[in-house]
Structure formats: structure tokens, C-alpha cells
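Novice: For chain A, the structure is supplied; the task is to place chain B on it using the hints.
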Amino acid sequence: MADLSAAWTHRNTLAEALDQALDLLAVELRAVSTADLIDFLGGFSPARSPGPEWTATFERLVEQLWEHLDPAILAEIEAAFRARGPIWAAFANSFTPQHGEHLRAARWHPGGAKRAAIVLT
Amino acid sequence: MTITPASVSLEAMREHIVTANYPAAADTFCALLTDGTPLATLVRATIDTTAPFVQAPAHMMPKADGTMRGVNYDHTVLGWRASLKMMPALPGAAALLPVVQAIWYVPQGLDVWSQVQCDFPGHYARDQERCDDRDHQPPYDPPVKFDGPAWSTPRVHFADVPPITAGSTPARLEEMRLAIMAGERETSYRLFLGLAAEPESRTALKDTILLAGITDLQNTIIQRGGYQNIGHKALRVRAMVDLADDLGWESSHGVFYTVVPDLGCNPRFFDTWYFTATMMPQEFRNWAELKHVNQAPLTEFELDETVSVINWGKPEQVSAQITKLLRRGCALLSIADAIVIAFMHNELTVMAHPVSFFTPGHAFDYCNVVNHWLRTYDNPHQAKALYFEALFVNDVIRANKLFPRDPAAEIEPPAVHHAAMAEKSTADLLLALDDACTVQDCSRALAAVEAYLSRTDERANLIATLCYAAGKVQNDPHVERLCVSSIEEYQHNQTARKDDILRGWTKYLSRAIRRSTALDCFQLYQRHFAG
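As they're listed, the protein sequences go chains A and B.
Numbering-wise (the numbering used here), the first sequence opens with residue -13 and increments by one.
Numbering-wise (the numbering used here), the second sequence opens with residue 10 and increments by one.
Here chain A stands alone, though its shape is the one from the complex (with noise of 0.2 Å):
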């Protein structure tokens, strides 16, 4: 029993501590230009990218994108990856304002809850 109450306090904890950087996420993301924006977008892609872990979170962050910057700005991110190709075509199809509708219709926000569900990984 006390380990389960440790648990729940870790999780609890952690919970806390996601919310703190998904807050400070947010306002970095309203901080940041557009170009260097797209510049750490291409961060995610297999040349540049740090490994599989790392590119696997793109989604999470078209999300966090989604839910925190004007579509204007989205619509400029998903020009200049439309720009440089076919082989960027996840990056610039991620911006559509047709997936930013479909992000939105998939989100769950129980009530109570402080903010939408997140998907961590």
C-alpha cells in the first residue's frame, strides 16, 4: 500500500511537472519566429535529427503547434516545406489547415480536467 501511494505521488509529481513544461512550451512557441520555428522543424527530419526517439515526437509537437500558434503562421510553415519538395511532404502535410481540423476533432478534454488529454510518446 505504501508503495502504490509513493506511485501515485510520482505520478502526481510528474503530471505537475508536465504541465510546467507544456506551459513554458507554449510560450517559447509564441516567442519564436516563424523562421526559426521552421529551422528547428527540420530538426525532426533523418538527416538532422538526433535519432528515432527524437523524430518520433514531431507528432506531439504539430500538436503542441495546433493548439498554441495563429493558423497564418502554420499556413507559412506548411508553404515553406511544400516549397522544398516531395520528400518533405509529412512536414508540409502537417500544417494543412485540413489536419489542424482533424487534430481538433480528436481532441478530448474530460471535464475537469485542466487541459486535453496529451499523448506522450
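Calculated from the structure, these hints are not laboratory results.
Every residue, glycine too, gets a C-beta built ideally from N, C-alpha and C.
Misleading hints may appear alongside valid ones.
Far from chain B, by Cβ distances over 10 Å, these chain A residues were calculated [to be verified]:
1. Ala17
2. Asp22
3. Glu39
4. Ala58
5. Ile63
6. Arg70
7. Arg90
8. Pro96
9. Arg101
Pairs of lysine to any residue, SDA-like flavour, derived with a Cα cap of 25 Å [to be verified]:
10. B:Lys333 - A:Asp(-11)
11. B:Lys323 - A:Leu106
12. B:Lys300 - B:Lys333
13. B:Lys72 - A:Arg34
14. B:Lys323 - A:Thr43
15. B:Lys323 - A:Pro38
Specialist: This is chain B only, laid out in the frame that chain A set:
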């Protein structure tokens, strides 16, 4: 070209094959079969004809910029093996469909080394290298077409050699295995030929040559370009052993010539072999006896844990998981089954882009070779192979993760078809499945197979339907190979999740990228055999 009765002969077929005239070769093959030439005779004649022309000097070409251009492995022999193994799963004349696909492919798969240099026609030159769109060096006059027929003979990159027969059987087996590891192609092949002629050495020879193929495996494909083999050494050995068993070892020289010299080709990878060879004695004093000592099945929790680690862990965590299961006394085959289920989990829940199936499909086929070896032979090194297959599956999964998912390549949820499938009879579900796989409507195919699996325990007709749908795909022996792997793993898997193998197979057929969507070969089959 029109095939007339006068032009139907083995000699004509051989000529069509070496000139890369695949429609004429396949047409002649079918005509000979219809005229009563035994299938085994035709397959043997074809393999004997192609054997000198399917070698490569290496499977990579060094480029000036320091990268390695990968050179594809011969797939003709893989098509033959798969097509013969699919026959029992198909009823009546349909059993011949995969065989027709195999001969349709063969003339397109010769002299791969020259094909990738735009110096010989075939499907690599035509589709992969797009040689017809290039300025060619040297210039050809008149202009050539890389769809064939050939303007020259395919090159022989490895001349046949006589057997070595001196020495004890155990000494020659070990010398052969070490020669393969060292890249001594001629010596290893000569030793193999000597041993292959001795029926009393056969089981040990099959066991050893499978070990040699299985242990040559890259430790990662991530950012390696052409510097990998994605399990082809093992896949080719399995094909050779099966074909020799089917055609007779005494008359399978062409099969041996096709496969064995290639085993010592560069690149060769033994990192994982040396890792397991070093680690296992440290972890297990009785590492060589684990197959007999370990008898426990995995619990459902251990199965879940293994699926999770292989799908989401890093290589060192995968190795630790296999070690943990072995230390707990889990049976090797139970762990092997779990690795297959882990692969299926990824295929069913993660893979979506058509390209994302290609290399993982090789990992699954590699697992099938390992598991066949575990099931069929008794070798002290077999516990090591669990690390090989688990790490390979984990690696292809991680390699896919290196590419961000494309929202445009997501698959429509199969649930949208559930209502329509609920109204169909089981027979109509199979028709829907065949159609959905043929036109690659993945969502509908998955809905059809799910409805079928939930409604009946019948599986033979389901397997036949998937084989038939696969049999329509031309120019691509991968598709048929994966059919055989799926059938075999389904038949042997002891977990309660074995139906996932059929779901995964369905998803592969209905989604994985194809070399061709044309149905010329299927139509040829219909003309000859389906009325």
C-alpha cells in the same frame, strides 16, 4: 511476340530467359506446362539457366563521395521457393498462379550488378534506376529499352567451380561456415558442393548453412544507406534449402550455384553475432543447452512486455528483455512467437505509409527463417538467434520512426466499413477481401478480414484468398515470400494472438508499396490455366 506450337520448347524458354524477354519466357513456360512437362523439370531448367547470371561481385558499389550504393540481391530464387510453397494453399488451377508470377519475374532479375549500372535490362534497370530516362554510357545504337529484350548476354560474375571432398564432415562444415564469414566465396562454395553430395551429411549441412545465413545481419539500418543486407543471406539460404528439398538434392546444382557463392559477398556483418557470442557465456553458463532446458511459455504479461519493448525500446533494452526471458526459463520458441507478435503489433497499429512496410517485411521474413531453424534443427547457437530477430525487428521499427508520419498517408479507420461487412456472408467477405487487397483499399481489406475472423474459425479459405490476391501482384517476389512466412508463422504460433499474423498479412497486401499494379501476368495465367 506470338508463341506458336513450333516455338514451344525448353531451349526456346532458356533463350527467352537469358535475353530478358519475360513475356515470351513466361508464355513458353506455361505452354510447356500445359503440354505436360513436369513442373519440377521446368523449375529446375529455369534455375539451371539463370544460375550463372544471378551473382554479383558485391552488394555495394563504393561511390566517390564515400557512400555505398547498395546492389540488390537476386530474388529469382526467392520467387521460386515462395511460389512452390504457396501451391498447397491454393485450390485447383489457382495453385499455378504464383508459379506463373515466378517465371514472369525471373528474366527481369538477371545480372543485377549490370542493371543498376544501366547495362542490362530488367526491373531494377527499368523501374528502380529508370535507365530509360538517362543518357547512357556507353551510348547504344540503336537505342535500347530497359524493359528488354536484352542487347547482350548477362554477365557471369562468379564462375562455377568443382567441389572439395577431402576432410571429415564436421571439419568441412566448420571450415565452410568460417569461409563464408571471411568472404572466401570460392572455398565456401566448393566445400558446400562436396557436402551436398553426401546424403548422410545433409541435415548437418542444412543446419550449418542456415546458421551461416542467419548470423550475417547488420546491427542497424539507420543512416547506413546501402551498407546493410536486411537479412537477405538468411532468406536466400532458406530458399535454397527448401528448393533442394522439393527438387531433390541430387539435381539441385543450379540452386546451390545461385545461392551459396553469394553468402560470402560483401558487405558481411557479424557485430550481433560477436555480441551474442561474448555476452551469452557471461549470462548463461549453460547457454548452449537453453533450448532443452528452457520450457516455460511466456505469460500474457511477458508477451505484452516484449511487444512493448520491441516496439518502443532501444536496442539495449531489447537485448535485456530477451536475456530476462531466457533467465526466467522461457522456451526459445515461445520467445520467438512473441517477437513475431511484436512485429505484427507495429504493422497493425503503427505502419501506414506504403513505403514503411518494405524493410520491415524483410525483418518478418527473417524471423520466419530463424523460427524455422529453431523448429527444425538442434544447434547450440540457437538461443543467440532470438537476439538477432528481436534486434532486427526493433531496428526496422526505429528506422521507420526516423521519418515523421505523413498525415496524408494515414489509413481510413476500418470501422467505416463495419456496417457494410456485417451484411455480407462469409463467402462474400472473402470476395470483398480479395478485391480490396487487389486494389489496395487497406481500410476495406482490414474491415473484411476482421469481420471474417470474428465470425468463423475457418482459416484455410481465408489463407487461400490472401494467397490468390497476392498471386496477382507481378514483378515482386517479396509479396509471395511474405505469404509463405505468414502462413508458416500462423501455423506454428502458440500465442492467443496468432490471428494478428493474418491481419498483418492483410494489411501488407492492401497497403505496402508495389513495384507494379499491372495485371499482365495474371492475365497470362488466366489465358493458360483459368479458362
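Novice: Which hints from the list above does the structure break, by number from lowest to highest?
Specialist: The structure conflicts with hint 3 only, although it agrees with all the remaining ones.
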